[in-house]
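Here's the letter readout for the chains.
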Amino acid sequence: MRNIQLAVERVSLKFGFTVALDNVSFTCTGGMVQAVVGHNGAGKSSLVKVLTGQVQPDAGAIVLNHRALDRLTPADAVRSGIGVVNQETALCPHLTVLQSLFLGREQRRFGRFGLLDWRSMARKGEALLRELDLVHLKGERISDLDVMHRQLVEVARALLLDPDILVLDEPNSAMGRKEADALFARIHGLRERGHLILYISHRLQEVKDIADTILVLRNGRVVTSVSPDVPTAELARLIIGQDSVVQDSESFKTSYPDARLVPDSSQQDLLRTENWTSTSGSFQNISLRLRSGEIVGITGREGAGHRPFLRSLFGLHAAQGQYILGNKGASARNPAHFLARGVAYLSPDRNVESLLHGRSVEENIGASAGRLWSSLGMQRRDRLRNLARPLIRACHIQGVPGQPVATLSGGNQQKTALARLLAVRPSILLLEEPTRGVDVGAKREIYGILKQLTTTGAGILIASPEFDELVAICDRVVVMRDGVVIGELEKRRLTEDVLLGLSMS
Amino acid sequence: MRGESRVWGRVGLVRRRTPQWLIRIVRHRRTGLVLALVVVWAAFSLKNPIFATGGVALSLAQTMSTVGILGAGVTLVLAAGEIDLSVGATYGLVGIVAAKLFLLGWSVPALIAASLGVGAGVGLVNGLLSTYGRLPSFIATLGTLNLGLGLASIVSGGLALSVSAATEPSYAHNLEVFSWIGGASLPLNFPIQFIWMSLVMLILGVTLNRSMLGFRMLATGSNPNAARVAGINIRRTKIAAFVLSGLTAAIAGIIDLSYVGSADPTNGSTLTFPVFAAVVIGGTSLTGGEATMIGTALGALLLAIITIGLTVASVLSLYQLVFIGGITLLAVGIDRWTSTSRGSQR
Chain A
1 MRNIQLAVER
11 VSLKFGFTVA
21 LDNVSFTCTG
31 GMVQAVVGHN
41 GAGKSSLVKV
51 LTGQVQPDAG
61 AIVLNHRALD
71 RLTPADAVRS
81 GIGVVNQETA
91 LCPHLTVLQS
101 LFLGREQRRF
111 GRFGLLDWRS
121 MARKGEALLR
131 ELDLVHLKGE
141 RISDLDVMHR
151 QLVEVARALL
161 LDPDILVLDE
171 PNSAMGRKEA
181 DALFARIHGL
191 RERGHLILYI
201 SHRLQEVKDI
211 ADTILVLRNG
221 RVVTSVSPDV
231 PTAELARLII
241 GQDSVVQDSE
251 SFKTSYPDAR
261 LVPDSSQQDL
271 LRTENWTSTS
281 GSFQNISLRL
291 RSGEIVGITG
301 REGAGHRPFL
311 RSLFGLHAAQ
321 GQYILGNKGA
331 SARNPAHFLA
341 RGVAYLSPDR
351 NVESLLHGRS
361 VEENIGASAG
371 RLWSSLGMQR
381 RDRLRNLARP
391 LIRACHIQGV
401 PGQPVATLSG
411 GNQQKTALAR
421 LLAVRPSILL
431 LEEPTRGVDV
441 GAKREIYGIL
451 KQLTTTGAGI
461 LIASPEFDEL
471 VAICDRVVVM
481 RDGVVIGELE
491 KRRLTEDVLL
501 GLSMS
Chain B
1 MRGESRVWGR
11 VGLVRRRTPQ
21 WLIRIVRHRR
31 TGLVLALVVV
41 WAAFSLKNPI
51 FATGGVALSL
61 AQTMSTVGIL
71 GAGVTLVLAA
81 GEIDLSVGAT
91 YGLVGIVAAK
101 LFLLGWSVPA
111 LIAASLGVGA
121 GVGLVNGLLS
131 TYGRLPSFIA
141 TLGTLNLGLG
151 LASIVSGGLA
161 LSVSAATEPS
171 YAHNLEVFSW
181 IGGASLPLNF
191 PIQFIWMSLV
201 MLILGVTLNR
211 SMLGFRMLAT
221 GSNPNAARVA
231 GINIRRTKIA
241 AFVLSGLTAA
251 IAGIIDLSYV
261 GSADPTNGST
271 LTFPVFAAVV
281 IGGTSLTGGE
291 ATMIGTALGA
301 LLLAIITIGL
311 TVASVLSLYQ
321 LVFIGGITLL
331 AVGIDRWTST
341 SRGSQR
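Chains as they are written, first to last, in my numbering: chain A, 1 to 505; chain B, 1 to 346.
Simulated from the structure, these hints should not be mistaken for lab results.
Any given hint might turn out to be false.
[Claimed, not checked] Below, in silico cross-link-like pairs of lysine to any residue (SDA-like), each with a Cα-Cα straight-line distance of 25 Å or less:
1. Lys-14(A) to Trp-337(B)
2. Lys-14(A) to Leu-321(B)
3. Lys-14(A) to Ala-59(A)
[Stated by the list, open to error] Partial list, computed: chain A residues near chain B (C-beta under 7 Å):
4. Asn-327
5. Gly-329
6. Ser-347
7. Ser-368
Backbone N, C-alpha and C define an ideal beta-carbon position, used for all residues, glycine too.
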């Protein structure tokens, strides 16, 4: 058994004028899973960065086995036995999976400056990949992997050095159920052997299942530490705090008044595909209709074809067959065409395809709606601000219009990305994982926004691996496997278990 | 305008011990550059007081103009996340083409239109190659750089073409009109190039910061994938940036031909470095999405101060490149080292 004692003592961290951590203290020991929860901007990721040497705290200390870790760098952290899986994957795209495992900790022959010992690395790496059921990927380049597999590679990287303390910052945000379960089994195994696991997540049910104690952060402070027996609702309340504003439909209506109103909203077909088949073969013969006022989920295991299908409806994935928008066919290959016809698409990875990082919140919100804030080819900043303000309010984005979007917390960035879609007043929303990496409060706000949109006649198609989310907000869910639709569930038959059974069977 | 760094705090957590205006000045993107300008200028003035006179100021204004005009176009291309190495060659090629057309007896408006067309054409080729042609713009414009220099040699037969030496009387009127462009005598000997540069920078600065095209360029440079998904035609945007860059190179080529009176086919070959130095010293990011026209103007001014300062301080021209290179590294380095705090996020 390992004897591990970790104490975080009065740690504070400031970025400019933003207090990320304020006097945070807690202790934990080996053989336990310590969960850390909190909404976006609560300080979870900052805590991870302090613990793993990615930033230096302004005050306080990290004490490992009664020894203070001063001026910790990422390399020191690794040497002290602290491994980390960060929220956002950070891998070099051109390296293979095997090379990635050993990046920065390559094994050498003939001493420190010797040649790389690929044979030994391959042996060790393959053994680990085999254990994780990833050995078939060992020669793949990172750039050819999807987000889920990149996360799995990050997990493997962290496990490679057999760290005493494993810090997991939302390690499974892009994983399917099967992969996540395998990860949890792994975490349990580590705990049995006396490792300490710090587990950061938004998913409360998951945290309750896996953790021994749960630390709740809010606005950079420790609110409390609770046992996993606490009811989910109580935990959610602790995370959000009493004073938080909950989305209500009235405020949405007043702040987003001219949303498109479609008469007789229940029957009209907004979008229809017949025999819609991917050119690259990722899906075949999909026939699907989306009616006005509907939220339709589309799900499946990774690789089932639901993601490329959604992208094909926005011209981002080549496909052929029949695709009818309103009552006219659609075939163009560029997003601008679809935006002009009232179709808006949200990418699952906000860093890759959603946000203009260096630009301001309002510029991000207005990026798709240039027509609405220009005249004679010139920007009309006053109009942009008038466009952005109500959306910032409606989406509860905690930020001001001129603020650089990169300074927002993850949840607020996601809401900004969603606000960009709302700015074009779409009648059809294609959303891939709209709440990925978003906290409970922001999640609820996003659901509220989506529900509101449907009352104005919009139709929404959501691809998500989170069954609880689909069950909560969808009117029906289409399940895909191996590129074809294998079933469709109406609201009354919709449960997580049925979805799980259908997608796995 | 892009590049102003303001201080953002979560409501309630902003502490107001230091006055906001002071913080703003200290953290302002261009404070370091302006300081560097003042220090370098003061140093040269102390070494030789003649440097602090109006006459030197006027030659500074003139010297910075070529680099400033070319830099303005390059700033747009970098904003859109691409790179244009060919501006110097385009500048040289246009000089030769304009001189050739002049010697063929073309009227001034016609030869200007044709020369601008050549510049825009090179820009269009650059744009098409780096978008539809899928070549990295570094390679595409490296190619057109050499094509441009080569074409200039072919058109001129490898020799300098002199406009002012044209002796036939029928050219006299044309020459008078054409020399006005870059050589008009203004009150106080004010260099007309500087006025042209100011105009170009003003127009392209407005394009960058106030037009939708400018927004699309910055959005494309900031994150091309996101810009595409947001419905921005990133190819057309990039092509527009390249065309504008080619046009500004042509403008500079015409002005300098008019001023000097002759064009040499190798004219543009040494301009690439000072132009990029000026733009990057100014604070425009080489990775796109961040660009400042005022910064480019200040960068061009700094280079002009160094060039003229070294001459006035009688540093042998043998040593000048070493100074220019070193000071460029220092200026960009200071900017990057002092700006690390701005990049940090939660």
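Hint-by-hint comparison with the structure:
Restraint check for Lys-14(A) and Trp-337(B): satisfied, since their Cα atoms lie roughly 20 Å apart, inside the 25 Å limit. For the proposed pair Lys-14(A) and Leu-321(B), the alpha carbon gap of about 43 Å is over 25 Å, so the pair is violated. Annotation: proposed proximity of Lys-14(A) to Ala-59(A) holds, straight-line Cα distance about 9 Å (limit 25 Å). With its C-beta approaching chain B no nearer than about 23 Å, Asn-327(A) sits outside the 7 Å limit, and its interface hint is violated.
Using the Cβ-Cβ criterion of 7 Å, the hint placing Gly-329(A) at the interface with chain B is not satisfied: the shortest such distance is roughly 20 Å. Given the 7 Å rule on beta carbons, the hint for Ser-347(A) holds: about 6 Å separates it from the nearest Cβ of chain B. Among the interface hints, the one on Ser-368(A) holds; its C-beta lies about 5 Å from the nearest C-beta in chain B, closer than the 7 Å criterion.
In summary, the structure is inconsistent with hints 2, 4 and 5 from the numbered list given earlier, while agreeing with the others.
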